[in-house]
Each structure stands twice: as structure tokens, then as C-alpha cells.
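Chemist: Can you build the whole structure from these sequences, using the hints too?
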Amino acid sequence: MRRYFRLYLHFLQFSFSKAMEFRLDFFFKIFMDIAYYSVNILFFKVIFLHTPLLGGWSQEQMMIFVSTYILIDAICMTVFSTNMWWLPYHINRGDLDYHLIRPISPLFFLSLKEFSANSFVNLLMALAIFTYTISNYPYSYEAFDLILLAGLILNGALLYYCCQMLMILPVFWTQSARGFMDLFYSIGIAMERPDKIFTGWRRFIFTFIVPFSLIASFPAKLFIEKFNWPTFLHVIGVSGLFWMIMLSIWKKGLKTYSSASS
Amino acid sequence: MIEITNLSKSFKSHKKEPGLKGSLKSLFRRQSVTKMALKSVNLRINRGEIIGLIGANGAGKTTLVKILAGIVHPTEGSATVLGHIPWERPNEYRRQMSLIMGQKNQVWWDLPALDSFLLLKEIYQIPLDQYKKNIEFLAETLMIKDQLKTQVRKLSLGERMKIELMAALLHNPQVIFLDEPTIGLDLSAQKAVRQFLSEYQKEFSPITILTSHYMEDIKELCPRIAVMKEGEIVFDGPLNQVQKMLGDQKVLTVTSDKSIFKLHVPRESLAYETQQIFQNHNVIDLNIQDPPIEEIIESLMKGGTTS
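Protein chains in written order, with the working numbering: chain C, 1 to 262; chain L, 1001 to 1307.
No lab work stands behind these hints, which were simulated from the structure alone.
Be aware that one or more of the hints could be misleading.
Mimicking DSSO-like on lysine-lysine, the simulated pairs with C-alpha atoms at most 27 angstroms apart in a straight line are [claimed, not checked]: (1) C:LYS255 - L:LYS1016; (2) C:LYS255 - L:LYS1039; (3) C:LYS255 - L:LYS1015; (4) C:LYS18 - L:LYS1154; (5) C:LYS18 - L:LYS1149; (6) L:LYS1219 - L:LYS1262; (7) L:LYS1262 - C:LYS252; (8) L:LYS1035 - C:LYS251; (9) C:LYS252 - L:LYS1258; (10) L:LYS1012 - C:LYS255.
Computed from a prediction, not measured in an experiment: that's the story for all the values here.
Modeler: This is the structure we're talking about:
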């Protein structure tokens, strides 16, 4: 465990020294993300110009949800996104060879090696938005609620990573260039909508099959509304299940890679 | 010790006729082709030994090396390296093994070599004093001390290969697989790499398997060779025994006023043949030699005998 932590510190160090070299890229990325955040916040602000409540949530409550998914998005962009971009290429080109011979988990290495230092500033920004929203929250909450929300935000980031991996891993078999990443990004929008708008079969899909509603909406709901076990267990249960499915497909993928590589 | 028993590996691939029509056809009905990359290979290599693996492209050298490195699962048969089954990839085995592929990089391009080495130090948990000692020894022997702080992508091909070698040997592996370590290098870089490998072997005596297209590599480094052909090992033994395989033969190179030609002649009829040549041709120059090893091995790889 300590070894992995120290390795990660090395990854961080490399990423920052690399990022400093590409200044233009650095500033462009920050600009892009500011635009992204503004659009998201404005979207709901505009809606609230016309209605005091949306799905039973006031504007301040909705902002909790918005800043939650912005934060999760920022975490994933910073920690995983560059790695997820390269992973299908590595698999297709047979670059896993050197990862398999090292006495270290190849999944750890391939998922976390490229820390996106460029997005790090945006992570700080997202964190600032989140803190601002919480400190301006007019309703009462307890320390427990906040800690739970923080924990579920981390869980949401992991679940997001899991879903993304599940779209990439078919590359082991299909040998296609990007797996189902396009599909992932188009369904991924569901993460940015409160789960209340999904009813019937759509609700089932977004809370069980492609559980984007569990990433940010359920955690926000637990904070805004009263804590309840069913919602909590739903998030934890499905997340755990997805994690296990992802790991087992990863293992199968490696096996396929092993028997096809030459 | 490496012990390989009846090791086989087959690949399945799809056959596709050329053109769009062929693509459409293969969408609905696929003809799969099974290719045997390794056919029941047996091999035993002892501690401290260095063995040269020779063969044409597609003879199965790389597949064999990748199985032993734990990257590829075999279809049948067994293999143990240092008592471990390689494709189960136990950490204990991976810590003692190293693979160098001349065609693939393992160090990070955007970083100076020393940064990559630090990461490897962490991965292999190399103690600091051993790490320092190894860097010192490797950089010295490879004569690359000044390039360790330069970004790897700014180095020349030869320098990069030396960095790869350093990276692969930092953790003092007991088993080393070298897959064409001199590919694409110029003569002086090839020579430097060879010299280093032989020195390293003397100093640490690991088990080494070396595959190469360059006979020079093999001749200089490997007292023992294994020749592969279509997935089988067709010869395994001391390098100097290869020459005896064809019996006692001599190669005559004859330069006459009209042409130059070569003859392979059994030793006992050497005198007679030479007489004949002098009678029938206007000989300017005559050269009598042992057949070169390259030629013998080439004929082993093709499966015929030299004429």
C-alpha cells in the first residue's frame, strides 16, 4: 500500500514537471473548463428564473447537486481522463507487454500513471465552487451529512471511472480503436441531470444498468433530503457490484490479450 | 534454471479475402485459421548460461520469449523458470526477471532517464545503496553517464538502447530475456552493447536468452545456440558443434579468367576435386575455407542441407 502511495507521488511529480513545459495548453485547458462550469451553472440559473422549485428542489439545493457533479467531473478529469484516453491505444498496439512483466498491478499503473496536471487548477476551482455552495447553503445540515457527501463524491468518481472502463474494455475483443467511448460520453450527460426527471424504464436504466444517477444525484439527494438507508445502500451496492464486474472483465481481457499477443 | 517441456502455442486468426466483397463475406461467415507458433518445444537452460535463439522471422522466437516472460499463455505443455510458472506472473518471479525488446520502449520518452529509474526503483523496491551502486556500474560500463539527465526522446537510437538496458538491469535480474537488443543500431553501438552484455554476464552470471538476427551477436556472446524453424527447435547445442553437423566439408572459392564460383566439397575428395578444377579451368585464384557458420545456420533454418 505504501509502495503504491509513493509511486503515485512520483506520477504527480512527473506530470507537473511535464505540464510546465506546455504553457499554452495549460492556459487553454483552464479557459475551457471555466466555460464548462459557467454553462452548467447558468443552465440551472436560467431555469430558476421561471420557477421557484425544480423537482422539489430550490435553487440553493440544486446548486448542491450541480457543484457535486462538477467536482466529480473535475476529479475524474484530473486523475483518470488522460489514462482513459490512452488505454485503448495501449491495448490495441500491444503495449501492455511491459506492464505485465512488472511486479506491480498493471491496472493501477495504466489507470493512474498520467495525472493531468493541467486539470488540477480546475479541480481547485471546482472545490472552491463546492465550498462556496456549501457555506451559502441556507438550510440546516449536520457534520455527518457533509462527511457522507464527501465520501459519496469519491465513490461517485470511482463509479464514473468504472463505467468508463466498462466501455473501454471491449477493446480487448473488438480491437476497435476507441471501444464504446462515444456511447459513454453521450449517455454520460445523464450524470448532469437530477434523477427525479427519470421515471419508469429510464429510471431503471440510469440507476442500475448505466448507473449515472448514482454518481452525483443520489449523493446530493442524501444531503438535501433526509438520510435514508435504501438510497445509501443502493449507491454502495451497485457501485460495489460494478467495481467487481469491471475487475473480472479486466482479468478476462488480460487473458485474451495474453493468448492473442505474439 | 529454465525447464521447458512440450511447450506449444497456437493462434487463431480470421482469413479475409481482399476487397470490400471479402470484408462483407467475412462479416457473416468467418474462416478461422489456426497457426502453430510453437510445436512441442523442449529446452533446459542452467543458471549462468547464456543461450542464443536463432531463427527466421516468424519461427517462434519472440513467442517463446514472451511465454517465458509471462506475457503469453501457452496452449499446451509446461515451463518453469526459477521454479515459477511464468504466466501465473507471481510478483516473486517478476522481481527477478527482465525483458528487453529492441523494438519497444519501456522508459518514458518525456522524462530524463534518471526519473524513469527512480520509478523503477520504487516498483522493484531496490534498496538505495544497491540502486546507487547499480547506476554507477551500468552507466560506467555503458559509457552513458552524461546522458542520464537528458530527455530520452532527445537521445540517439544507440544511446536509447543503452538506457533501456540500464532500466532493465537495475534490479539485478536472475533471468534476462533479450529480444533483438541490437536491432537498428550502427556497428559501433552494436559492439558496445555486445561488450557490455558479455561483461554483465561475467559479473552477475544470470540466465540469459538472446534472440538476434545478427550472427555477430550470437557468435560473440553465446557458447550455446538453439535454432528454431517453424515453431520447432531443430538444433540445440554448442555453437562450435554446428560446423560439424554437415560433416567435414570445405568451401572452395575459385576465380578463373571467366567466372567466380563456390563449391562445397567433402574433405576426403578435396585433392581430387582441386585437380579437376585446375585441369578444366584457367584458375587465377583458389581459396579453401571451412563453411561459415551463417551459411550452416541458414540452411538449418530453411531445413535443407547446403549443396
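Chemist: Starting from the hint list further up, note which numbers the structure goes against and sort them upward.
Modeler: Per hint list: 7, 9 violated.
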